[in-house]
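Trainee: Going down the list, the sequences are from chains A and B.
Under my numbering, think of the first position of the first sequence as 1, with each following residue one higher.
Under my numbering, think of the first position of the second sequence as 407, with each following residue one higher.
Quick caveat, the hints were computed from the structure, so don't treat them as lab data.
Note that beta-carbon positions come from the ideal geometry of N, C-alpha and C, so glycine has one too.
One or more hints might be untrue.
Claimed, not checked - A few chain A residues that face chain B, going by a derived Cβ cut-off under 10 angstroms, partial list only:
no.	residue
1	V83
2	G120
3	M182
4	V200
5	G213
6	E214
7	C218
8	V397
9	E401
Unchecked claim - Distance condition first, Cα-Cα at most 20 angstroms in a straight line; then the derived EDC-like pairs of lysine to aspartate or glutamate:
no.	chain 1	residue 1	chain 2	residue 2
10	A	K376	A	E345
11	A	K299	A	E251
12	A	K202	A	D271
13	A	K209	B	D506
14	A	K315	A	D271
15	A	K209	B	E703
16	B	K590	A	E206
17	B	K478	A	E214
18	B	K423	A	D271
19	B	K613	A	E214
20	B	K590	B	E703
Stated by the list, open to error - Partner residues are not named here, just some residues of chain A that face chain B (Cβ under 10 angstroms, in silico):
no.	residue
21	I61
22	L78
23	V93
24	A98
25	A103
26	A105
27	M238
28	E239
29	L269
30	G284
31	V394
32	G405
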Amino acid sequence: MKTKLNNKSEVKVMTGNETAALAATLCRPDIVAAYPITPQTEVVEKLAQYHASGKLDAEIINVEGENSAMNSITAASLAGGRVFTATSSWGLVFMYDAILVTAGARAPVVMVNVNRETPGMIAVSSGQQDMISTRDCGWIFLIAEDCQEILDMVIMAYRLAEDHDIQIPVMVHYDGFYLSYMAERVEIPFQKNVDDFLSVLKQQPERTKLMPGELLGCGSHGILGGYMEMRHKHCQAMERAKGKFEQINLEFEKKFNKNYGGQVEEYKLYDADIALLASGSMCGTIKTVIDEKRKHGIKIGLLRLRMFRPFPNEKIVQALKGKKCVGVVDRSLCFGFKHGPICVELRSFLSDIGDTKILSFIDGIANTDIKKDNVKKMIDLIIAGSKGEDVPEVTWVSYDENHGGN
Amino acid sequence: MVEKKKKRLSKVFDYLKHEDPFAKGVAFCAGCPLELLVRFIPQVLGNDIVITGTPSCSAPVLMGQNTGSWHKLSYYGTLMTGAAANATGLVRYYNRAGIDNTVICFNGDGTAADIGFGNLSGAAERNEPFIYICYDNEGYMNTGIQRSSTTPFGARTTTTQVGVNSRGKNLRRKNLAMIMAMHKIPYAATATMSNLEDLAQKLLKAKQIKEKGFCYLHVFCPCPTGWGVGPDMSIELCRKAVKTNYFPLWEALNGNFSFSKQVKKPKPVKEYTKLIKKFNHLSDQELDILQKDIDYEYSIIKAMTKLEKEIK
Ligand SMILES: Cc1ncc(C[n+]2csc(CCOP(=O)(O)OP(=O)(O)O)c2C)c(N)n1
Ligand code: SF4
Ligand SMILES: [Mg+2]
């Protein structure tokens, strides 16, 4: 922390969107293609502004839709370029076929997705449903908590995606409406330090590139053996990404004096007997409530997911083992299950965690704020659960379930 | 007479300056002119091209399977939905990195006119510097001969069948080449395999002009299997299509139209349709509708060529 001031060129108050655009700019992409959608639009505008002013030296493709954004940058990435895009909600869904190809081709694309709901046209509201609906696409998913982390995470995302041992696209998620529009204090690193941090990639063996005149076909997985080999290797690389991300976080700390934890952040968990598991911007509020509760002697902590794909099950099991009761907060739904999706995934490791009681909380969708009171309500239920009282397995925190009708 | 014929042949061969990068036997149906087309392009333009393409009849041969390949070209196979966007990404990066390139986005009518039309139009509007070639076999052949928007009026396909409730496709075809020319791109042209010199010249022109931006080639490419003709009929169909004005050969530079070959006395379209099974149910009345459609399309192109002269 001593050398902190030397590590940032400037401190600015910026929205999450502006931060994301700046972060991408600092990483010097070759090709940027993006299409506007609420709540991401500002990212596209800022990138255009940086390009116009000469701050961003990249080819900008003003595509006619998100599908083309992902297709064009995937191809550019396979040709050897560093690429970037940003989207949200319907935009992510509209590039769904393309993101599957990106992953299948192991193209080291980096993008941000500004989380938003997806039930219908007017669902211009908060939620991680877009992330959940695309979770099995084969990308690495990271989730940022605040504007500073958006900046730092995008930089780390390039290290992770382009690492020769990984070569998997990375999507950095942050909450639409909350982080996208919220202006916060952000420390901007020196360009030289970012260049240094990313220069490690240049020392690695060059990745295979699609070049004119060089006998190379790509895009197909073939069938049978060839297909399985590629998929198996992809899965293995996904597993490697966990450790690699920890390592990149440590290197990041060395260079920029900031440590968020790796795949997960543990907040006051060490002596806690109950805990919340959550991700994204709500974690700020949760931490505040935890601080208050601890003043009243309640030993509660937070486990914040920073990495959602690959799923950091080892870290989670390690952190939650022995806790009496854990509440998982989901900002999205898992249709066909009562529980929220992250809760469903956590429950698949229940036997490793032990006899911890797991509660599912659905909240923060449809622009309902996750306020301190909501968190308190969750904690009350967790405390009750830890005492063996009869509490519902799933609670829609901001919704009266006796509303009636179908 | 014999000598004259030889001369004509050698003229085509003059354009084949490069090696045929394909293996001897490839997985097209017998007589499929698509094979001639994919062998022809690199022999005219060189083997240092990058081809991108999508699922279609051309994909199995261009893509290969596992580590096996039928050719020595760089090929990037991707989805039907994003063909032109992929070519855009490639060419933008190559140009930025100073890498010499000729990127050819090679797709069927299903990708070009239908599911991938949006991004084709987008790339044309942005004037992306690559060559888009649509080979038009008037349907989705790879999935088993379904109609596409370029399937002509009356044609029988597996989704426009002939029965008491249906007489084949009851809608007119989309004139994609004209639509692309209307983007006022640097180069748009039609071509086919009966007129190989014309095709070669157009390929070479496109290679040159693509430095200035988007080039579009629409290549008429019969499908013997899907249309119900023998494998020896493909080139004859191309020729008849030109001679009946069913598929006129023209080019448009920056929206300025000219005929590449003007047929003096065009034969009735019946001379063409009678060779093809997919039309064999059509009544004289129905053939008349098709004829009117062909005449109408031709009159537009003709008007456009006149317009060009006025502008000049
Ligand atoms: C998004 C999507 N929908 C459907 C298909 C199935 N499909 C494969 S090839 C094909 C037809 C392609 O038609 P065209 O582009 O005209 O090429 P052709 O087969 O005629 O050569 C279709 C519909 C697909 N690959 N992708
Ligand atoms: S189905 Fe038609 S287009 Fe496809 S390979 Fe056979 S003949 Fe050629
Ligand atoms: Mg077709």
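Trainee: Take the hints in turn and mark each one as holding or not.
Mentor: Taking the hints in turn, this is what the structure says about them:
Look at A/V83: its Cβ gets to within about 8 angstroms of chain B, closer than 10 angstroms, so that hint holds up. Residue-level restraint check for A/G120 is violated (minimum Cβ-Cβ distance to chain B is 22 angstroms; threshold 10 angstroms). The beta carbon of A/M182 is not positioned within 10 angstroms of any beta carbon in chain B (closest approach about 33 angstroms), and the interface hint is therefore violated. Below 10 angstroms, beta-carbon pairs count as interface contacts, and A/V200 has none with chain B, the closest being about 21 angstroms; its hint is therefore violated.
Because the beta carbon of A/G213 sits about 3 angstroms from the nearest beta carbon in chain B, less than 10 angstroms, this interface hint is met. Proximity of A/E214 to chain B holds as hinted, the smallest CB-CB distance being about 6 angstroms (cut-off 10 angstroms). The interface hint given for A/C218 holds, since its Cβ lies 6 angstroms from the closest Cβ of chain B, which is under the 10 angstroms cut-off. The interface hint given for A/V397 is violated, since its Cβ lies 39 angstroms from the closest Cβ of chain B, which is over the 10 angstroms cut-off.
With its C-beta approaching chain B no nearer than about 41 angstroms, A/E401 sits outside the 10 angstroms limit, and its interface hint is violated. The suggested pairing of A/K376 with A/E345 is violated, with an alpha-carbon distance near 24 angstroms, which exceeds 20 angstroms. Using a Cα cut-off of 20 angstroms, the hinted pair A/K299 and A/E251 is violated, with the two alpha carbons roughly 32 angstroms apart. For the suggested pair A/K202 and A/D271, the alpha carbons sit about 43 angstroms apart, so the restraint of at most 20 angstroms is broken.
As the CA atoms of A/K209 and B/D506 are separated by approximately 15 angstroms, the hinted pair is consistent with the 20 angstroms bound. Simply put, A/K315 and A/D271 have alpha-carbon atoms about 16 angstroms apart, close enough for the 20 angstroms limit, and the pair holds. As the CA atoms of A/K209 and B/E703 are separated by approximately 44 angstroms, the hinted pair breaks the 20 angstroms bound. Restraint check for B/K590 and A/E206: the C-alpha separation of about 40 angstroms exceeds 20 angstroms, so the hint is violated.
With a CA separation close to 8 angstroms, the supplied pair B/K478 and A/E214 stays within the 20 angstroms bound. For the hint pairing B/K423 with A/D271, the CA-to-CA distance comes to about 77 angstroms; that exceeds 20 angstroms, so the pair is violated. Straight-line distance between C-alpha atoms of B/K613 and A/E214 comes to about 19 angstroms, which keeps the hinted pair within the 20 angstroms bound. Only pairs whose Cα atoms come within 20 angstroms are accepted, and B/K590 paired with B/E703 is accepted, the gap being roughly 18 angstroms.
The criterion of a C-beta within 10 angstroms of any C-beta in chain B is met by A/I61, whose closest approach is roughly 6 angstroms, and the hint holds. At its closest, the beta carbon of A/L78 sits 7 angstroms from a beta carbon of chain B; the interface hint therefore holds under the 10 angstroms criterion. Given the 10 angstroms rule on beta carbons, the hint for A/V93 is violated: about 13 angstroms separates it from the nearest Cβ of chain B. Given hint, A/A98 at the interface with chain B, holds; its Cβ is 6 angstroms from that chain's nearest Cβ, closer than 10 angstroms.
With a cut of 10 angstroms, the hint placing A/A103 at the interface with chain B is violated, because the nearest CB-to-CB distance is about 13 angstroms. The beta carbon of A/A105 is positioned within 10 angstroms of a beta carbon in chain B (closest approach about 9 angstroms), and the interface hint is therefore held. Checking A/M238 against chain B by beta carbon gives a least distance of about 22 angstroms; that is not within 10 angstroms, so the hint is violated. Below 10 angstroms, beta-carbon pairs count as interface contacts, and A/E239 has none with chain B, the closest being about 24 angstroms; its hint is therefore violated.
A cut of 10 angstroms between beta carbons decides the hint on A/L269: the least distance to chain B is about 44 angstroms, and the hint is violated. Taken as an interface hint, A/G284 does not check out: its beta carbon lies about 37 angstroms from the nearest beta carbon of chain B, beyond 10 angstroms. Interface hint status for A/V394: violated, as the beta-carbon distance to the closest one in chain B is roughly 37 angstroms, over 10 angstroms. Because the beta carbon of A/G405 sits about 39 angstroms from the nearest beta carbon in chain B, more than 10 angstroms, this interface hint is broken.
Checked against the numbered hints given earlier, this structure breaks hints 2, 3, 4, 8, 9, 10, 11, 12, 15, 16, 18, 23, 25, 27, 28, 29, 30, 31 and 32; the rest are met.
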